[in-house]
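Student: The lines below spell out each chain.
Number of protein chains: 2
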Amino acid sequence: MNMTRIPPRSGAAFRLLKGQFLEVIDPEGGQVSDLLAYNADDVRECLSNGRTFDYEETIRLSEGNRLWSNRSRPMLRIAHDTVGSHDFLLTPCSEDTFKHFYPDKPVHRGCFGNLAEALAPFGIEPDAIPCAFNIFMNVPVDQAGKIEVRPPTSKAGDVIRMQAEMDLVIGLTACSAYASNGGSFKPIDYRVLPDLPG
Amino acid sequence: MNMTRIPPRSGAAFRLLKGQFLEVIDPEGGQVSDLLAYNADDVRECLSNGRTFDYEETIRLSEGNRLWSNRSRPMLRIAHDTVGSHDFLLTPCSEDTFKHFYPDKPVHRGCFGNLAEALAPFGIEPDAIPCAFNIFMNVPVDQAGKIEVRPPTSKAGDVIRMQAEMDLVIGLTACSAYASNGGSFKPIDYRVLPDLPG
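Chains L and Y, in that order, give the protein sequences. Taken in order, the first sequence gives residues 270 to 467; the numbers are from my numbering. Taken in order, the second sequence gives residues 270 to 467; the numbers are from my numbering.
Isolated chain L, as found in the complex:
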């Protein structure tokens, strides 16, 4: 499949079949992509940060880790990862987070609004949007538990490749928030690859 570009501050949704790989690329560097996953046969089954933290026994997911559903089933396996810094603690940016964190800046519907629009044709409602797996997002947690959102460490061409462990509906964005990408809104590229050694 050819590379598809997600324009700055927008989103996409598409099917990913069991065994296929999804490659998400940061074409310019320093950008975040929020990823959601739903069971294509029953969208009430979706990505769960809590189940993933439970089974992987870490909040830092990279090569070799799997992302789990709210029904305790693996959805995606991280096959390749040139960055190793992603976030699974935070929810997609939204009108409300813009008002809260950037009261002096224009309000944007954010990744939440972009995901809601892209996922609607698959029968997924806004309330069914859980915490996203925030690819390339750089969120250190200090020993007291305090969270900070820093610019991503990803460079142009950095990539994460994930293999589907069931038939999925994927939601994917080029992030809209100021903090997560250092104030520079950039595109995100992705492509779907057939089952191959990885």
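Among the hints, a few may not be true.
Remember, identical chains collapse to one label, so a pair may be satisfied in a single copy or spanning two.
[As the list claims (entries may be wrong)] Straight-line alpha carbon distances no greater than 16 Å define the calculated EDC-like cross-link-like pairs of lysine to aspartate or glutamate that follow: (1) Lys374 <-> Glu364; (2) Lys415 <-> Glu326; (3) Lys415 <-> Glu332.
Hints were generated in silico from the structure; no laboratory data involved.
For chain L, the structure is supplied; the task is to place chain Y on it using the hints.
Tutor: This is chain Y only, laid out in the frame that chain L set:
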């Protein structure tokens, strides 16, 4: 209101009106209680660990912090807390987590099954159970992100008091898992108090 006891390895659900306080007590010490909250007027609005981490800017919630919903609204404010160690990363223990973590022990439906049964009369389905706020649960995260579940530090009589910021349906358990309470299954006490200075 009198104290209500949740027997070991079981759960309860009840309404908590805006302004009322919920007090959760560890009567014997070393026990965990999984808490869920739903908007009583529309149960599609529920507790969100990600929104809470976003707005409170920490994964360690205690006195003064608020617990937020998936619609970016505060649901509960922590008014008093004698322990200061709770978990909001992990999902309720379930048949699947028992099979995964304790393959040689009898399978139990866990807090997940207990919450699902208690919440069913309020129209809440199992798939709508998010990450719980796991009161008194002791889950250190090291600098590499690795999670460990240790016995709670709570002593007999320790308490957390939370005030409702909207009309809620609450789900509450006395935890069923081995790791979270050091293998000793104990009860949890709770009571609802009217609006008072706190």
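Student: Okay, which hints does this one fail, numbers in order?
Tutor: none
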